[in-house]
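Asker: So the chains spell out like this:
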Amino acid sequence: MIIKQVSVFLENKSGRLNEVTQILSDAGLNMSAFTIADTSDFGILRLIVSDPERAKLLLKQNNFAVQITDVILVKSPNRPGGLARMLNILNAENVFIEYMYAFSNSEETAVIVLRPTDLQKCHDILQNHSGDFLVNEGQYSF
Amino acid sequence: MIWNEKIECASRDEMDAIQSERLIQTVKRIYHSNESYRKKMQEKGLVPGDINSIRDISKLPFTIKSDLRDNYPFGMFTTPMSEIVRVHASSGTTGKPTVVGYTRNDLQMWAEVVTRSLAMAGVHKNDIVQVAYGYGLFTGGLGLHYGTENLGATVIPISGGNTDKQILLMQDFGTSVIACTPSYALYLAEVMKEMGITPESLNLRIGIFGAEPWSENMRKEIETKLKIKAIDIYGLSEVIGPGVSCECEYQCGMHVMEDHFIPEIINPETLEPVEHGEMGELVFSTVTKEGMPILRYRTRDLTRLIYDKCECGRTLVRMEKCLGRTDDMLIIRGVNVFPSQIETVLLEMSETEPHYLLIIDREETLDVVNLMVEVQEQFFSDEIKQLETLRKKITDRIQSTLGISIRVKLVEPKTIERTAGKAKRVIDNRKI
Chain H
57 MIIKQVSVFL ENKSGRLNEV TQILSDAGLN MSAFTIADTS DFGILRLIVS
107 DPERAKLLLK QNNFAVQITD VILVKSPNRP GGLARMLNIL NAENVFIEYM
157 YAFSNSEETA VIVLRPTDLQ KCHDILQNHS GDFLVNEGQY SF
Chain R
2 MIWNEKIECA SRDEMDAIQS ERLIQTVKRI YHSNESYRKK MQEKGLVPGD
52 INSIRDISKL PFTIKSDLRD NYPFGMFTTP MSEIVRVHAS SGTTGKPTVV
102 GYTRNDLQMW AEVVTRSLAM AGVHKNDIVQ VAYGYGLFTG GLGLHYGTEN
152 LGATVIPISG GNTDKQILLM QDFGTSVIAC TPSYALYLAE VMKEMGITPE
202 SLNLRIGIFG AEPWSENMRK EIETKLKIKA IDIYGLSEVI GPGVSCECEY
252 QCGMHVMEDH FIPEIINPET LEPVEHGEMG ELVFSTVTKE GMPILRYRTR
302 DLTRLIYDKC ECGRTLVRME KCLGRTDDML IIRGVNVFPS QIETVLLEMS
352 ETEPHYLLII DREETLDVVN LMVEVQEQFF SDEIKQLETL RKKITDRIQS
402 TLGISIRVKL VEPKTIERTA GKAKRVIDNR KI
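Chains as they are written, first to last, in my numbering: chain H, 57 to 198; chain R, 2 to 433.
Next comes chain H alone, as it looks inside the complex (with noise of 0.2 angstroms):
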């Protein structure tokens, strides 16, 4: 399935990540997922929550820089070569990976989130493939 993950602009200093987290409690938004990419300068926050455009709204009214990117949520069981073998399916289309982050909410599955260079393509193939990768909807719930 197809989601919205949030992503904000973090300057490298103290007390930022905070101030998100602190703002989505305050509206009672859950995270499910998030990670941080770094660089010496600065940092994105990816974040999958309940509400992606009101947690959008409210960082943006705390003038933080926020986009809403689309990412392809797969699952992958919880053993060893289970994430290779979806990884080698779309090596061999050239579905190019631009990130991915998991996390596992179960012994037996971890879910994964994906950002591929071509979101379509990678999503069609997984979903035509027989090998059960991707969420659907109601699988999984924030």
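Note that these hints are calculated values from the structure, not bench results. These figures come from a predicted structure and were not determined experimentally. Any given hint could turn out to be false.
Unchecked claim - Each computed PhoX-like pair below joins lysine-lysine, with the alpha-carbon atoms no more than 20 angstroms apart:
| no. | chain 1 | residue 1 | chain 2 | residue 2 |
| --- | --- | --- | --- | --- |
| 1 | R | Lys322 | R | Lys310 |
| 2 | R | Lys425 | R | Lys415 |
| 3 | R | Lys166 | H | Lys116 |
| 4 | H | Lys112 | R | Lys415 |
| 5 | R | Lys166 | R | Lys194 |
| 6 | H | Lys69 | R | Lys415 |
| 7 | H | Lys69 | R | Lys226 |
| 8 | R | Lys221 | R | Lys322 |
| 9 | R | Lys7 | R | Lys41 |
Take the given structure of chain H and dock chain R to it, following the hints.
Answerer: Chain R alone, transformed into the frame defined by chain H:
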């Protein structure tokens, strides 16, 4: 040694006579050969006949940097291009540089004033002078070069940068005089120390330093670290280049070559001449230049003039070290930088807004410039590589405009102060 004793030790009356005669001729020539000067004089109701002596100089209109820009590139020249044998240029307030032109006689006069400067500093014909100012459009390198040749000393035209080679030549050629920016001199000292080269193992005895402001403390530091006499030389391309004034061995103010460049000090607010010896803005009129004479050019440098006879025997008026300016021009690594140049670049780029903060530090001995630019919502990308590309684009544009390297830092929106009035756009942490 005093290179031109007749001039450099002339009495005040003699100097007045020389200046008066030359000023009268210059005004006459400019009025008849340059439209923009003629217009400015007419606006003040002046004709050449109103200028009869040096005392009339304050009647003349001022020239400012934007006059040069408005007449870009050659509109300030007063001779046909066939007479101009060289041009130099320095960075202007906008993308366009400030251009100056020299006739053959101008170059000869320039060599003469640089020669006088070198002689004041104690350089003689047996010296080996390493010119580590940049050669090119900048007046520093070629200015020092021809003055050194004219003196009869040996010039090493190495130009700027290439520190290892600078040190190698100092060792192998027995360089006795180094000419560069004072901050580069300190950098050279540092690298030498790292390489385990002591100043005692070199032949260096004099440094001719200019093109940026430097304090007495910096002088002490250079003199201790390099075991040399550090001499301050002053100049600006609009007037001629280096050699407008220079310190003698007594290091008590820079002797102005006032038979060629008449100095005045004005109050930058009222534009009226200040009392003798008072601090104010330095203004120059050239009275022998042919290619691009300039009348009452406002340098924006703050200083005062000292008319007492110097211990060295020279009577040429002295100006104190310039430590302040009346505009927002910054001198970074010897390069003139106006904050408005940065604003122009940011405005030209659709991805940025003209809100920025320039932070200048002196790390070790080199100036380091950090530029903070806000990330705009609509151009904030979720991907690092796109933000890095944007940062590189800003860096490249600004570097090519300013001519110095900078570090661009992307910051969050609305974190840079906004005010209706004059916003603080520059934080200069250098201790000069």
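Asker: Evaluate each hint against the coordinates.
Answerer: Status of each hint after checking the structure:
1. The straight-line distance between the Cα atoms of Lys322/R and Lys310/R is roughly 17 angstroms, inside the 20 angstroms bound, and the hint therefore holds.
2. The hinted pair formed by Lys425/R and Lys415/R meets the criterion: a straight-line CA distance of about 14 angstroms does not exceed 20 angstroms.
3. A hinted pair counts as satisfied when its Cα atoms are at most 20 angstroms apart, and Lys166/R with Lys116/H does not qualify at roughly 54 angstroms.
4. Under the criterion of a C-alpha separation no larger than 20 angstroms, the hint pairing Lys112/H with Lys415/R is consistent with the structure, at around 17 angstroms.
5. Taken as a hint, the Lys166/R and Lys194/R pair is honoured in the structure, with Cα atoms around 15 angstroms apart against an allowance of 20 angstroms.
6. Distance check on the hinted pair: Lys69/H and Lys415/R sit about 15 angstroms apart at the alpha-carbon level, within 20 angstroms; holds.
7. For the proposed pair Lys69/H and Lys226/R, the alpha carbon gap of about 38 angstroms is over 20 angstroms, so the pair is violated.
8. Between Lys221/R and Lys322/R the CA atoms are separated by roughly 15 angstroms; this keeps the pair inside 20 angstroms, and the hint holds.
9. For the hint linking Lys7/R to Lys41/R, the alpha-carbon distance of about 35 angstroms lies beyond 20 angstroms, and the restraint is violated.
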